[in-house]
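S.K.: Spelled out, the chains give:
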Amino acid sequence: MEVQGLTVEFPTEDGLVRAVRGVDMHIAEGEVLGIVGESGSGKSVTALATMRLLPKRAQVSGQVLFEGRDLLTLSDRAMRGVRGSDIAMIFQDPMTALNPVFTVGEQIVEMIRAHAPVGKPLAWKRTVELLDLVGISEPSRRARQYPHEFSGGMRQRAMIAMAVANRPKLLIADEPTTALDVTIQAQVMEVITEVQKAVGSALLLITHDLGLVAGIAHRVQVMYAGRVFENGATDEIFYRSVNPYTKGLLRSIPRLDAKEKTRLYTIPGLPPSGLSRNEACPFRPRCEFADAVCGTVPELVEVVPGHQSRCHHTQEVSM
Amino acid sequence: MPPALSTARPMLSTARAKRGTGDWRLETRLKWLGGWVHMTGVFAYAVRRIFTTIPLLVAATFVVFVLVSISGDPLARLATCTTCSDAAYDRLIDLYELDKPIPLRYVGWITDAATGDLGTSTSLGEKPVAGIVAERLWNTALLAVPSFLLIAFLAVVLGVFSAIKQYSIGDYLVTGASFVGIAMPTFFFGLLLQAFWGVWWQDWTGWKPFYVTGKHVASFGDYLASATLPIITLTIVLLATESRFQRAAMLEVIGSDYIRTARAKGLSERRVIFKHALRNALIPLVTLWALDFAGLLGGSVITETIFAWPGLGQLLVSALPNLDLDLVMGLVMVAALLTISFNLLADLLYGVLDPRIRYD
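Taken in order, these protein sequences are the chains called A and B.
Each residue of the first sequence is one higher than the last, beginning at 1 in my numbering.
Each residue of the second sequence is one higher than the last, beginning at 1 in my numbering.
Please keep in mind that the hints were generated in silico from the structure rather than gathered at the bench.
There could be a bad hint or two in this list.
Simulated restraints on C-beta separations [unchecked claim]: (1) B:Leu345 - A:Gly200: 48 to 54 Å; (2) A:Arg57 - B:Thr241: 26 to 32 Å; (3) A:Arg69 - B:Arg279: 53 to 59 Å; (4) B:Thr241 - A:Leu122: 32 to 38 Å; (5) B:Ala308 - A:Gly119: 58 to 64 Å; (6) B:Val352 - A:Leu122: 24 to 30 Å; (7) B:Arg279 - A:Asp257: 49 to 55 Å; (8) B:Thr241 - A:Gln59: 32 to 38 Å; (9) B:Val157 - A:Pro121: 34 to 40 Å; (10) A:Pro55 - B:Arg279: 46 to 52 Å; (11) B:Arg279 - A:Gln59: 50 to 56 Å.
Using N, Cα and C, we set each Cβ at its ideal position, and we do this for glycine too.
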């Protein structure tokens, strides 16, 4: 999938909120791409925009090329064929993402039958296999239960089973562990990566947790205020970051080897409002390198092949 | 007593779990068999609820009995009667047991009522109350049942339409019309209908498609011609409130995460709205249906009076000024029983619609 110049704007009473401001993104077959950023950086909106799941009032422009077709200009009917079949999504809160009045099995069967001419008995059999695949014990009994009879982690597993039911080429996981207990976050991530490999799909992992992407993603894209700030191979981002924002994020991770009673680093200040029309670099008020040059938004420039950063002071930052 | 919300459901029988073969059709059939364990829970709940209605009925009838008894003197009319003999006095005293205190009279009434004897009406030719009420209940049902079906169906249609077309011209029209419906008094709307179809329309066209008063049931055509206007009158107010309620329930559901999930699955918009959203949005409406239907079956005083429809509401209006105690009590019993049983029905329907509800 290739995203070019994606822009999303929401008209509100206070003016136009520019949630996503020209995002480029590409994800190859089987690749795992992590999108990292603070709340409000536009990462979730980017994902929803590619699936065309945003409310109608959202104004989306740019291109989302998937296997040569621009998803943003597809007919509704064709887009429905893509959703759940070519691209599937796992949402943040498994407690509310499943319909409470249908059994978990019914909801997965529906997903299968929406995209393949399969009879109910066969779809049911496949559903039970899928639940087994995501590590739900007694899958045939569990399939007949309602979401409220599942725990949070179990529901997220069921969501994963549903998402991979049609062997999608791209799996989008939007903060899949944020709403879960810390103790089961790791288990759920493991399930996601396992089934992703088993099914052979690409994975777009959206999170604000850098630790989550470290072990999984091939590439990481850091977003800030609706723009991509840094983009590169995971190791490049973690060990050779040349962007002040990314560096700030990395310093904010709690470390096990930190000396006792050291305060956790936080980036000072708050991200700018989506309403902002300011032409300056949006990170300028929070940045230690900021000077007069930062009065304009820097371009995303290639530092080393495959590693881009959006900063006027790349040279100083990398030193 | 609302059913308890619970996060657990009764365990499935082991026989069923073992037979989980993956065959869909077998599973569905077994689901009903296996549901038997669950059914006993509902059954026990219903029986318990039915028993709790008894003290409720006693309390309700006692209050009304006392209020009606102290609100007037059945002998007062005889005081101005110069031709009435002492025998007439004695007969009334005997009939109403006026020589006994009110609580004792009540005990007498409820003892008879418990054996199925609701007494006799004094104002309607000394006929048994049970017979009169049954006949009037049927008349009221002739209006209430079609009116309820119209309300339930149209409220869902208008509510869903308004919700999925939120802030469109259609939504504003429906919303505006329902505010008019809520605000307009029943008697005014009824009179307006009568004036329009009984006078104006006939003046313009010389044709009078509806009876504007009275109950005519000689043929089905007659029934339609005489019942349509009162049915519309009954429908308008309740429809206005119910469609607003349905709209709100639908909007809440449409904004929920599982609707986004349904869309992300690539389902058609029709399936998303009518399967995933409506199933959830109907749950809160069930209570409203039950209460409104019970109210309609209890008779409408205003509508039945305007259209001279001999139903329960009209009967109550004639029974009260005549101090026809047994008749009033009979009507109260019917209204209380209707309200209680439809409430129970609503609570049981919840269990069918919402799997998260368990009865215990």
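S.K.: Are Thr241 of chain B and Gln59 of chain A spaced within 32 to 38 Å by their CB atoms?
M.R.: This hint holds: roughly 37 Å between Cβ atoms.
S.K.: Starting from the range 46 to 52 Å, see whether the pair Pro55 of chain A and Arg279 of chain B falls in it by beta-carbon distance.
M.R.: 22 Å, violated
S.K.: 53 to 59 Å was suggested as the range; check whether the CB atoms of Arg69 of chain A and Arg279 of chain B agree with it.
M.R.: Hint violated: Cβ distance 34 Å, outside 53 to 59 Å.
S.K.: Taking the CB of Val157 of chain B and the CB of Pro121 of chain A, does the distance hold inside 34 to 40 Å?
M.R.: 35 Å, holds
S.K.: Take the C-beta atom of Arg279 of chain B and the C-beta atom of Asp257 of chain A, compute their distance, and say whether it sits inside 49 to 55 Å.
M.R.: Given a distance of about 53 Å, which is inside 49 to 55 Å, the answer is holds.
S.K.: Quick check: does the Cβ-Cβ distance between Ala308 of chain B and Gly119 of chain A fall within 58 to 64 Å?
M.R.: 60 Å, holds
S.K.: Verify the CB-CB distance for Val352 of chain B and Leu122 of chain A against the hinted window 24 to 30 Å.
M.R.: Given range 24 to 30 Å: holds, Cβ gap about 29 Å.
S.K.: Taking the Cβ atom of Leu345 of chain B and the Cβ atom of Gly200 of chain A, is their distance within the range 48 to 54 Å?
M.R.: Cβ of Leu345 of chain B to Cβ of Gly200 of chain A: about 53 Å, so the range 48 to 54 Å holds.
S.K.: Okay, Thr241 of chain B versus Leu122 of chain A on CB: inside 32 to 38 Å?
M.R.: Hint violated: Cβ distance 47 Å, outside 32 to 38 Å.
S.K.: Falls inside 50 to 56 Å, the C-beta gap from Arg279 of chain B to Gln59 of chain A?
M.R.: 32 Å, violated
S.K.: Quick one: are Arg57 of chain A and Thr241 of chain B within 26 to 32 Å, going by C-beta?
M.R.: Distance hint for Arg57 of chain A, Thr241 of chain B holds at roughly 29 Å.
When the structure is compared with the earlier hints, violations turn up for hints 3, 4, 10, 11 and for no others.
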